[in-house]
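Visitor: Mind docking chain B on chain A? Use the hints.
Order-wise, the sequence lines are chains A and B.
Its first residue numbered 1, the first sequence is counted upward by one per residue in our numbering.
Its first residue numbered 231, the second sequence is counted upward by one per residue in our numbering.
Simulated from the structure, these hints should not be mistaken for laboratory data.
Here the structure is a predicted model, which is why all the values come from computation and not from measurement.
Accuracy of the hints is not assured; some may be wrong.
Said to hold, decoys possible - Derived EDC-like pairs: lysine to aspartate or glutamate, alpha-carbon spacing no greater than 16 angstroms straight-line: (1) A:Lys166 to B:Glu271; (2) B:Lys250 to A:Glu151; (3) B:Lys348 to A:Glu15; (4) A:Lys115 to B:Glu365; (5) A:Lys145 to B:Asp240; (6) A:Lys167 to B:Asp275; (7) B:Lys250 to A:Glu150; (8) B:Lys348 to A:Glu9; (9) B:Lys310 to B:Glu271; (10) A:Lys80 to A:Glu151; (11) B:Lys330 to B:Asp275; (12) A:Lys80 to A:Glu92; (13) A:Lys75 to A:Glu209; (14) A:Lys166 to B:Asp334.
Unchecked claim - Here are some chain A residues pointing at chain B (derived, C-beta under 8 angstroms): (15) Glu9; (16) Leu13; (17) Glu15; (18) Tyr18; (19) Phe33; (20) Met37; (21) Arg43; (22) Pro46; (23) Ile114; (24) Thr116; (25) Lys145; (26) Arg146; (27) Asp164; (28) Leu194; (29) Ser197.
Just so you know, even glycine gets a beta-carbon here, dropped at the ideal spot from N, CA and C.
Single-letter residue listing:
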Amino acid sequence: MGKEAITPEFRRLLETMYSPVPKDDNERILNNFIDLMALGSDRRQPLKAVFEQVARLVFRQFGFSEVAIGLKVKKEDIWKYEVAFGYTKDVEAKLFRTRYDRDDMYSQERFPNIKTGRLSELNVAEGLPLIETDKYDRPYRWHAKRTSFEEFLPGDFLDVWMLDEKKEIIGWIEVSGPKDKLQPPRSTLRWIELLASLCAEIVMLRWAEEEPGGRKAGLAIPGTAPMSTQ
Amino acid sequence: MATRTSSQIDSTFRQHIESKYSPIPRDDHEKLIDALLGLMEYGRDRRQSLHSFFEQVTRLIFRFFAFDQVAVGLYDRKQKDYYVDVTFGYRDDLAAEYKKVRYDYDDMVSQDRFPNIKIGKISELNPIEGLPEDERRLFNRPYAVSAARQALDQFHEGDYIDVWMMGPQKNIIGWLELSNPRDGKLPSRMTVMWAEIIASVCAYVIRRRWFQEDQARS
Chain A
1 MGKEAITPEF
11 RRLLETMYSP
21 VPKDDNERIL
31 NNFIDLMALG
41 SDRRQPLKAV
51 FEQVARLVFR
61 QFGFSEVAIG
71 LKVKKEDIWK
81 YEVAFGYTKD
91 VEAKLFRTRY
101 DRDDMYSQER
111 FPNIKTGRLS
121 ELNVAEGLPL
131 IETDKYDRPY
141 RWHAKRTSFE
151 EFLPGDFLDV
161 WMLDEKKEII
171 GWIEVSGPKD
181 KLQPPRSTLR
191 WIELLASLCA
201 EIVMLRWAEE
211 EPGGRKAGLA
221 IPGTAPMSTQ
Chain B
231 MATRTSSQID
241 STFRQHIESK
251 YSPIPRDDHE
261 KLIDALLGLM
271 EYGRDRRQSL
281 HSFFEQVTRL
291 IFRFFAFDQV
301 AVGLYDRKQK
311 DYYVDVTFGY
321 RDDLAAEYKK
331 VRYDYDDMVS
341 QDRFPNIKIG
351 KISELNPIEG
361 LPEDERRLFN
371 RPYAVSAARQ
381 ALDQFHEGDY
391 IDVWMMGPQK
401 NIIGWLELSN
411 PRDGKLPSRM
421 TVMWAEIIAS
431 VCAYVIRRRW
441 FQEDQARS
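For reference, chain B alone in the conformation it holds in the complex:
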C-alpha cells in the first residue's frame, strides 16, 4: 500500500488551520466549554475523590455563572438518605450546619415540603415563599430572607435552584443547589441549561465512582 506522509501537508495550510482553531479559548463561550472539558477530565481521574470533583464543580459554577452560593448534595448509599457534601460561598457556621441536615426521599420530591416551579428538564426553582420555617436558619442573612419579594424578576435571597443528578431509573442521586446570583436577577435560560449539563455529567461521574467503589470492595 502506498502511504502518504505528513510532509505532504502544505506548511502554510497547516499554519492557517492551527491558527484558526488554536485551542486557546477566545471568548466566554469557548472558555466555558474548555472548563467543562477540563472538569470531565478531572472527574475521570481516579486519584481525585468525588468530594474534590464536586469542589471543582462549585468553583466552575461560581466562576462562570456568578452564583455566590453553590452546594452539591449526594445520595448516601449507606444511610439511604441525602446530604450536602460540598458548599461554596456559605458562612462557615452555616456550611457546617447545612452539612448536618439529612433529607429523605420525600423531602427531595415533595411539592408540599419544598414547593417549587419547574424551570428546566431537570431543574426547579424553590421560591422563598414556600420555604419551610426550619430551613430559614440555613441562610447567610436570615433577616434578608424574611423580606418580601420586590420584583417578579428578582432572585430573592431565600430563593434557590435545584438541578437534579439522575440515576439509572431516573431516581435522584444528587443535586446542585444554586443561590444568590451576583446581579440579583433570575438566571438566563442558557445558565439553567448549562447547569443541567453539569449536573448530568456529575450523575455519570457518581455512578461510575459507585461502581468502582463496589468493584474495589468485592
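Bound-form chain A, shown alone:
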C-alpha cells in the first residue's frame, strides 16, 4: 500500500497519456472551457475580464472576426454590451453606447431572426432595423444581396443567449464576420451554445455573490485544493 506501491511505469504511462497539452481542436476547446470556469470562479477576476477571455476564445477558436458580449443590468430591464472584440474603435464606441430594452431583446418584429439552436438565433441583414446598420465596420456593404444561402453577409450576426433560472436573458454572445464569410458549421454553434451556458453559470454565481451575505457562502471550508486549476 502507499504511494510507493504505484509503479514508475504506470505513473509514466498516465502522465504521458494525460499530458496537459491539447492534442486537437476539440481538446483545445474543452481545455479553454475548463480554464474559463476556473477563472469565473475566482472572485478576484472582474466579470469583464472573464468576458474578455470568452471573446478572445471565440475569436481564436471559432473563426469569427467580430465578437461582442452583452449583459443585462441586474434588476433593470436594460441590456448592454460589456466587451467588443475585433470592431473598429468607432463601431466599438457605438456598441458601448447602445442600450436595449425588453422589446429589443425578445421581439421578433424588432430584430427578425431565425432560430439556429436551443440558445441561438441568426439575425439576418435583411431584417435588421436601419438604426442598427451603423454598427458595422463596413456599413456601405451591408446592403449586399445574398447570392447564396451559405453566405454570411455583413449585417448578419448570431446571438447566443445566456439564460437564468427563469429563462430570462441575462447576457449574450454575439458573433459576426466569419473569416471564411460562410454560415458556420453546426458544431461551431453547438460549442458556442455550451460556452454561453457556462457563462450564464458564471454570471448567476457572481450576481448571487453580490447579494448581502453572498460572498460568505462556501468560504468556511478548510484548506486549498491539492492542485492548481490554472
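Guide: Here is chain B on its own, set in the frame of chain A:
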C-alpha cells in the same frame, strides 16, 4: 425609425437555416452538448434539490462515458467534513456503507492516505495499488480488487478517478468519483476533460444553492 419585419426574410433561406441548424442532435458529440445544456437547465431549477441534480449528473456520466459506477461527494457545511451524497451502479449494501463514510480534509488531499496520479487540471486517478485496506470493502467485488493489474492500460476494478469541484478559494467542495469503465480500459483524454467540465458546472450549482440556502435562512 424605419423598421423591417420578419416577412423580409426569404422563406427558402429561413428553411435552409432551420434545417441546417435543426436543434435535434445529429451525433454523439451534439447529444452530449444537448444533455449538458439540459443538465445546467435542471441545476437552475430551484424546485429540484441538489441531491436530485447529482442524480442527473451520475445518469449523464453513466450514459455518455460508460462508467458503470459513479458517485458524487459533497462538503457538509454543518459537520465540516465530506460525504458521498449520491451513488450510481453500486450494490445497495455497498452504497449504504459508502454513504456512512465521512472524510476529513486530509483524506481529500493527502497523497499518503490516497496516493494518486494527476490526469487533468482537476482530476486524478487513484490506483488500486495505493488504496488503504479499510477502503477495499467498498467495492462491488472485493475479490477482484485484490487481483494484480494485468496490463498498464487496464482500468483495474479497484481504480477510481476523482474529479474535484472547486470552491471560491480553490478549496474542495465536492467531487465526482468514476470507476468500472465498461471497456475495462483507462478513459480517453476527452472523457476526462468532459468530466472536468461537468464537475465545474456542479461546483457553480453547489455554490449558488448554498447561497440560496443561506439567504432563505436569514
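Visitor: The structure should be examined with respect to each hint, and the outcome stated for every one.
Guide: Going through the hints against the structure:
no. : hint                 : result
1   : A:Lys166 to B:Glu271 : holds (10 angstroms)
2   : B:Lys250 to A:Glu151 : holds (13 angstroms)
3   : B:Lys348 to A:Glu15  : holds (7 angstroms)
4   : A:Lys115 to B:Glu365 : violated (51 angstroms)
5   : A:Lys145 to B:Asp240 : holds (12 angstroms)
6   : A:Lys167 to B:Asp275 : holds (10 angstroms)
7   : B:Lys250 to A:Glu150 : holds (10 angstroms)
8   : B:Lys348 to A:Glu9   : holds (15 angstroms)
9   : B:Lys310 to B:Glu271 : violated (29 angstroms)
10  : A:Lys80 to A:Glu151  : violated (28 angstroms)
11  : B:Lys330 to B:Asp275 : violated (28 angstroms)
12  : A:Lys80 to A:Glu92   : holds (12 angstroms)
13  : A:Lys75 to A:Glu209  : holds (14 angstroms)
14  : A:Lys166 to B:Asp334 : violated (37 angstroms)
15  : Glu9                 : holds (6 angstroms)
16  : Leu13                : holds (5 angstroms)
17  : Glu15                : holds (7 angstroms)
18  : Tyr18                : holds (4 angstroms)
19  : Phe33                : holds (6 angstroms)
20  : Met37                : holds (4 angstroms)
21  : Arg43                : holds (6 angstroms)
22  : Pro46                : violated (15 angstroms)
23  : Ile114               : holds (5 angstroms)
24  : Thr116               : holds (4 angstroms)
25  : Lys145               : violated (11 angstroms)
26  : Arg146               : holds (7 angstroms)
27  : Asp164               : holds (7 angstroms)
28  : Leu194               : holds (5 angstroms)
29  : Ser197               : holds (5 angstroms)
The structure does not agree with the numbered hints 4, 9, 10, 11, 14, 22, 25 stated previously, though it agrees with the rest.
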